[in-house]
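S.K.: Given chain U, work out where chain G should sit, using these hints.
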Amino acid sequence: MKNSADLFDKFSALEETREKLLGGGLNPFHIRMDSVKSATQAVIDGRDVILFGTNNYLGLTFDPACMAAARSAIDAEGTGTTGSRIANGTYALHQELEAAIAAFYKRRSAMVFSTGYQANLGVLAGLLGPGDTVLIDADNHASIYDGCRLSGADIVRFRHNDAADLDRRLGRLETGGARAMIVVEGIYSMMGDCAPLAEFAEVKARHGAYMMVDEAHSLGVYGAHGRGNAEACAVEEAVDFVVGTFSKSLGAIGGFAVSNHPKFELLRLASRPYMFTASPSPSNVASVLEALRLIASTDRHRVRLWQNARVLHRGIAALGLDICAAPGPIIAVRMAGPAQAFDFWKRLLDHRIYTNLAIPPGTPNGISMLRCSVSSAHGDAQIETIIAGFASVVKAL
Amino acid sequence: MAGDSPTVLDGIREQLAPYNKNGIELTEATDINADLNIDSVAILDLLMTIEDAYDISIPINLLADVRTVGDLADTVRKRIESGMKSGAA
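Protein sequences, first through last, are from chains U and G. In terms of the working numbering, the first sequence opens at residue 205 and continues consecutively. In terms of the working numbering, the second sequence opens at residue 503 and continues consecutively.
It should be emphasised that the hints constitute simulated quantities derived from the structure, not laboratory data. We treat Cβ as the ideally placed atom computed from N, Cα and C, and that holds for glycine. Any given hint could be a false lead.
DSS-like cross-link-like pairs, simulated, lysine-lysine; straight-line CA separation at most 25 Å [said to hold, decoys possible]:
| no. | chain 1 | residue 1 | chain 2 | residue 2 |
| --- | --- | --- | --- | --- |
| 1 | U | K550 | U | K599 |
| 2 | G | K523 | U | K214 |
| 3 | U | K224 | U | K550 |
| 4 | U | K467 | U | K310 |
| 5 | U | K214 | U | K224 |
| 6 | G | K523 | U | K224 |
Pair ranges (Cβ atoms, derived) [as the list claims (entries may be wrong)]:
| no. | chain 1 | residue 1 | chain 2 | residue 2 | range |
| --- | --- | --- | --- | --- | --- |
| 7 | G | S542 | U | G375 | 45 to 55 Å |
| 8 | U | D547 | G | K580 | 44 to 54 Å |
| 9 | G | K580 | U | A592 | 52 to 62 Å |
| 10 | G | D533 | U | P564 | 20 to 30 Å |
| 11 | G | G572 | U | P565 | 20 to 30 Å |
Pulled out of the complex, with its shape left as it was, chain U reads as follows (with noise of 0.2 Å):
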């Protein structure tokens, strides 16, 4: 007998829109790499296509020294920990990666995480509990809403990247600013804008708040040092908690936190997303160290990738694009619609260009787009390919 409640009803409205895509010949979200040939290239459907919608800013995927590190980690500590990082999961070379990260952010303590999405759940809601009030930018990511969600806390949204927004909702706490965090992230996944942190900061000084700053797109990318957002804006000291991935910029899989606070560390015995999961793997974390020296070490491929990010801002946006922020790692062009968004996308890949589509309810105020994204390992003739390849779907459109 047909059970008529199937589990799967409220999905109606998700399962119309899979079909209109469908239709219209390719899934772009379920894209498959046939093979990936470099940081910047890959083949789609038996061809070769530049990619230029990835996180990989800094091109350390296929980096020699962070593939060795891999390789030889492998050799000394196998293909996985099979435990969590308060049981048998925590390696020397965890301890090893935590000290680096906290001595490149200048910070007491580190905490590493085994994804990007579970520092985020980790840090909020092993931090947070009711009563407590967590205020997040209306653009925060979906990690930042769920680790909210899963504290407990009070969640009050504020207007994006607005401070005077989030001084008036401040302001309306019965208990103001005590017990109070603000959380926002250092550049938009999705439209690539940088958040006014100086203002966020005196905003926060004036409530006596706490603030955290996901820097998860801006890390190796932003600040004199690369440690982001903060760092560029000069307010690294107003920032209680700085939470970032590996898999952007660091070119692996992972996150961290990091904190001066005294008390930061009880969070190993607090934060479930922490305790209850196997913690990231020795070639992964061996990849991950190696990556982070490098760009402790040099500023070569941060000065590449701004290069690239300029000339390719600059080219796109002379074809009439309509480009969502200034120039930086993140190059969202603004689509009429999804239907527009999806044949523009559709068309780039048939000049083997790879984007990333992005639609309503995944992006900010209903706006569809295609979201690129720049690395240092773009030579100058896949730039000039990209720019022709758009300038050839314009035309045809």
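M.R.: Using the frame of chain U, we list chain G on its own:
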């Protein structure tokens, strides 16, 4: 505060009007998600507007218990009352 109830309800109806694309009658029983088909992000934006209109704080956690226009009006009313109490204290 019972006398204020229609005022809050009217205010909520006004805030919801832009989302009422099919022009249905907005009563206390109107289901915000099912009848108005407002997506989850739009509801969060609406909540910010309501917070500003009444100069109160409504944590988004409270939306878990809000299904109808009447539920939303009740939530707003309670937050106004609790704000007044803490203001008096």
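S.K.: Take the hints in turn and mark each one as holding or not.
M.R.: Structure-based check of all given hints:
For the proposed pair U:K550 and U:K599, the alpha carbon gap of about 15 Å is at most 25 Å, so the pair holds. A distance of roughly 22 Å separates the Cα atoms of G:K523 and U:K214; the hinted pair therefore holds under the 25 Å criterion. Taking the CA atoms of U:K224 and U:K550, the gap is about 14 Å. The hint holds against a cut of 25 Å. Annotation: proposed proximity of U:K467 to U:K310 holds, straight-line Cα distance about 17 Å (limit 25 Å).
Between U:K214 and U:K224 the CA atoms are separated by roughly 18 Å; this keeps the pair inside 25 Å, and the hint holds. Taken as a hint, the G:K523 and U:K224 pair is honoured in the structure, with Cα atoms around 23 Å apart against an allowance of 25 Å. For the pair G:S542 and U:G375, the supplied restraint of 45 to 55 Å is violated, since their beta-carbon distance comes to about 27 Å. Remark: the range hint 44 to 54 Å for U:D547 to G:K580 is upheld by a beta-carbon distance near 48 Å.
For G:K580 and U:A592, the Cβ-Cβ distance of about 60 Å falls inside the hinted range of 52 to 62 Å, so the restraint holds. Separation of G:D533 from U:P564 is about 22 Å and conforms to the stated range, judged on CB atoms against 20 to 30 Å. In this structure the hint that G:G572 and U:P565 lie 20 to 30 Å apart at CB holds, the actual value being about 26 Å.
Checked against the numbered hints given earlier, this structure breaks only hint 7.
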